[in-house]
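Modelling step: build the complete structure from the supplied sequences, incorporating the hints.
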Amino acid sequence: MTTETAAVKSVQAENGWEPNILAFCCNWCSYAGADLAGVSRFQYPPTVKILRVMCSSRVEPAFILKALKEGADGVLIAGCHIGDCHYIDGNKNAEVRINNTKKALVKLGFDKRLRLEWISASEGLRFSEVIKDFTEEIKKLGQNPVNIQGSEVK
Amino acid sequence: MSDNNGDEKPVGSKVDQEEKRVGVFVCECGVNIGGVVNTRAVADYIGTLHGVKVTSVNKFTCSDSGQADIQAKIKEHNLNRVVVAACSPKTHEPTFRACIEEMGLNQYFLEFVNIRDHCSWIHMWEKEKATEKAKDLIRMGVERSKLLEPLQASEVPVNDKALVIGAGVAGMQSALDLADMGFQVYLVEKEPSIGGRMARFDKVFPTNDCSICILGPKMVEVARNKNIKIMSYSEVKAVEGYVGNFTVKVEHKPRYLDVTKCTGCAKCSEVCPVEVPYDFNEGLGTRKAIFVPFPQAVPLRALIDKENCINCKACAKACASGAINYDMQTSYTDLNVGVIIGAVGFKTYDPEPRHDFGYGLYDNIITAMEFERLLNAAGPTGGHVVRPSDCKEPIRVGFVNCVGSRDKNTNIYCSGVCCMYTIKNAQLLKEKRPETDHTIMYIDIRTPFRGYEESYNRSRNLGVKFLRGRPVEVKEDPVTKNIKVRVEDTLAGEIRNLEFDLMVLATGIVPNEGISQIQQLLKLSKAADGLLMEAHPKLKPVDTTIDGVFLAGCASGPKDIPYAVSQGSACAGRATILLKNKKAITEGITAVVNPDVCVGCEVCIPMCPFQAIKFDEKENKANVVKALCKGCGTCVAACPTGALEQSHFKNNQLLAQVKNVFRFQEVAA
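As you go down the protein sequences, you meet chains A and B in turn.
The first sequence begins at 12 in our numbering and counts up one residue at a time.
The second sequence begins at 6 in our numbering and counts up one residue at a time.
Honestly, the hints are just simulated from the structure, not real lab data.
You may find that some hints are simply not true.
Pulled a few chain B residues facing chain A out of the computed Cβ check, cut under 10 Å [to be verified]:
#1 F117
#2 E131
#3 D141
#4 M145
#5 G605
#6 H653
#7 V666
As a list, the in silico SDA-like pairs of lysine to any residue whose alpha-carbon atoms are at most 20 Å apart [to be verified]:
#8 A:K103 / B:E607
#9 A:K103 / B:P611
#10 B:K413 / A:R137
#11 B:K531 / A:G94
#12 A:K143 / B:E137
#13 B:K132 / A:Q54
#14 B:K64 / A:V50
#15 A:K151 / A:R126
#16 B:K132 / A:F53
#17 B:K95 / A:S51
#18 B:K489 / B:L366
#19 A:K150 / B:V666
#20 B:K132 / A:S51
#21 B:K528 / A:D100
#22 B:K78 / B:L54
#23 A:K80 / B:F667
#24 A:K150 / B:E131
#25 B:K134 / A:T146
#26 A:K103 / B:Q525
#27 B:K470 / B:E458
#28 A:K150 / B:F667
#29 B:K134 / A:W28
#30 B:K95 / A:V50
#31 B:K134 / B:G40
#32 B:K95 / A:F53
#33 A:K103 / B:S521
Selected chain B positions facing chain A (in silico; Cβ < 8 Å) [said to hold, decoys possible]:
#34 E275
#35 S530
#36 V663
Virtual Cβ for every residue (Gly too), placed ideally from N, Cα, C.
Right under this line is the structure:
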């Protein structure tokens, strides 16, 4: 970590910055998993906002880029486990797409801000753990550069 | 897809050109939401957003008064979009869709925002942040709602015939109920006889009545019913189509005899020189290469096991009706049906590969199914329970429960039936031979339904011993072949060393062979336990996520006989809704092709898991078959030109949410 980014981070910490994560959850597994986390009252940080799609394979790379451009510090795509997809193998398509998007994001240095997870309708605890973990990871990465005044990315 | 897609104007219907008048209804869900989120502050903020004409906070929006409030405000403010911020759309979306539809609004003009499960319940100690998050979530919903378009659920005709796969007790019940309601049923069974597992049981708990004596008449009833066409020794090989209109290919394996001539007299078996282990008796005893599956088989017809047949042709000479035909080939039938009921059953856990508790290593350890056949009067020993090593009748019998169940090394779930059948097996032998001594080694005894606890008590009164603990060491005495067991009696807190003449393993219920094939043919999903998934574990226990496909019996989880029979009837009832109405409503959310933009690249066609996109050669365009489309949107994300859109989850609708996650950005409709 350069001194510069360390300085930026300490400023962020003083400002009380908290990560902003957008999660695309599939209707059948992960959205239901998030519901179960709620029903079970598994507390997790209020850093994530869930957007419901019918299948993780509906998420286009453009949505992810748009979210990052709008200032999302992290984007999570969550779908059914492989083999359990409500649409048989939509999640396999999602896997290919998200991995390709991740590769494309490497150049921009944004790849770690994108995550793909399989969370089933019965994994409420796992949903909350994933959010906690991703939040911590994003905290380490710091704020999305587009949100920082005078940033080169902007 | 370009960035400005979010601002593009949807193809206009009259409604889309109207000014968007949004009503936002914030639910407190008692204190579930109201106790954490400052709903008043949320409503005040949302009220400032462009297009929001009215906001309302209700204690329970789903209640009669809450819904009346929505309807009154739709009228008063002439609303054309409704946002409900409450619990989960997975449970309450249909309620509010119906509520707004009653007021003449298209049901798809509802946007549901989850501020309970995804907000108040998980940020219970961060009230301010939860309130801010609720504002963000609702803002996303409001912006999306303005772009929602009216959709029409479509109607498809339903063929009034049914297919039942699997003729165990659950499948037979489905077939009988449907047939009695006047529908034609095809009952496909892969075994040469119908009856399933229940035909192999000796007696059934908790009343200990003879299994085949209660099942046999039902099997005959199925065979006699004019509306049921039994296809035994047959398998479903292909399924195409959708609710109301399935085409199914059934393969008929050759029996090598003419079933119309065979009388089931079994004279052929008498002369057949080949003897092989008898699978119906769990491999105990033998049968011939030409055989009638079992005395009560339906259809009562013989078949030749070609793998073991030596072609001596003795059976052909013995057969008085000249039924034998050695050259018979596999044949196929194509069926058109409206509904499919999967009652594909189960098999019992096989302890052989892991040698659980010494099974397969020591002669005198058998499974409960083997014990069941030994108990049966028509079994290999005429109802005498003997031990395999010396064919002597055992005195000391040990039973081990939860073999292949409740064990992280095999299956973590409880098979539900093993406690009861072990209790029953011990009772039956004790009644037959009171001098026998029985010890049941268990983790917990589970006897939840009518008459089960009473049966458990009866066993104890008969002198069956119950020991809470699992054997930790099982050995064989090399001389006597007795089984020596070290087991911790966890109630007494001491280690016990026991010796049994025979030990019986209560093997659990596991997915049947071919369940993956059925899963793929019917496009169902499997749960973590390897069994098929129902649409909802509580409210739709026999439906599946595929319209027109239902599940009965152990295919969707371990069940006892009454439960399986109930599910058989339940499937028939659910299926009748479609068969009787002669039409099915399919969800309005589908992929839609804009032919003006489609370049006919066919990228979308292999993406579709349901083969719903057909290529129109003439027009050189992709074409979505609405009845087949399940609305996942995989193809939409793949379309390079943006010609495909997913209705209700259009690019601009989703991007409106993305844009509004962090700050208010109005999206022009």
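Would you mind confirming whether the straight-line C-alpha gap from K103 (chain A) to S521 (chain B) stays at or under 20 Å? holds, 18 Å
Has the given pair, K103 (chain A) with P611 (chain B), been kept, meaning a C-alpha gap of at most 20 Å? With a Cα-Cα distance of about 13 Å, the restraint between K103 (chain A) and P611 (chain B) holds, given a limit of 20 Å.
Given the proposed pairing of K132 (chain B) with F53 (chain A), does the C-alpha separation stay at or below 20 Å? Cα-Cα ~16 Å, so holds.
Per the CB criterion, is F117 (chain B) less than 10 Å away from chain A? It holds, given that the least Cβ distance between F117 (chain B) and chain A is near 9 Å, below 10 Å.
Can H653 (chain B) be said to touch chain A, with a Cβ gap under 10 Å? holds, 9 Å
Would you mind confirming whether the straight-line C-alpha gap from K151 (chain A) to R126 (chain A) stays at or under 20 Å? holds, 15 Å
Given the hint that K132 (chain B) pairs with Q54 (chain A), does the C-alpha gap stay at or below 20 Å? Answer holds: K132 (chain B) to Q54 (chain A) is near 12 Å, not above 20 Å.
Given the hint that K95 (chain B) pairs with S51 (chain A), does the C-alpha gap stay at or below 20 Å? Holds, because 16 Å separates the two Cα atoms, which is no more than 20 Å.
Holds or violated: E131 (chain B) as interface residue toward chain A, Cβ cutoff 10 Å? holds, 6 Å
Given hint G605 (chain B) near chain A, where the shortest CB pair must fall under 10 Å: violated, 21 Å
Verify the proposed pairing of K143 (chain A) with E137 (chain B), using a straight-line Cα cut of 20 Å. holds, 19 Å
Using the nearest Cβ pair, does E275 (chain B) come within less than 8 Å of chain A? violated, 49 Å
Hint compliance for this structure: hints 5, 34 are broken, all remaining hints hold.
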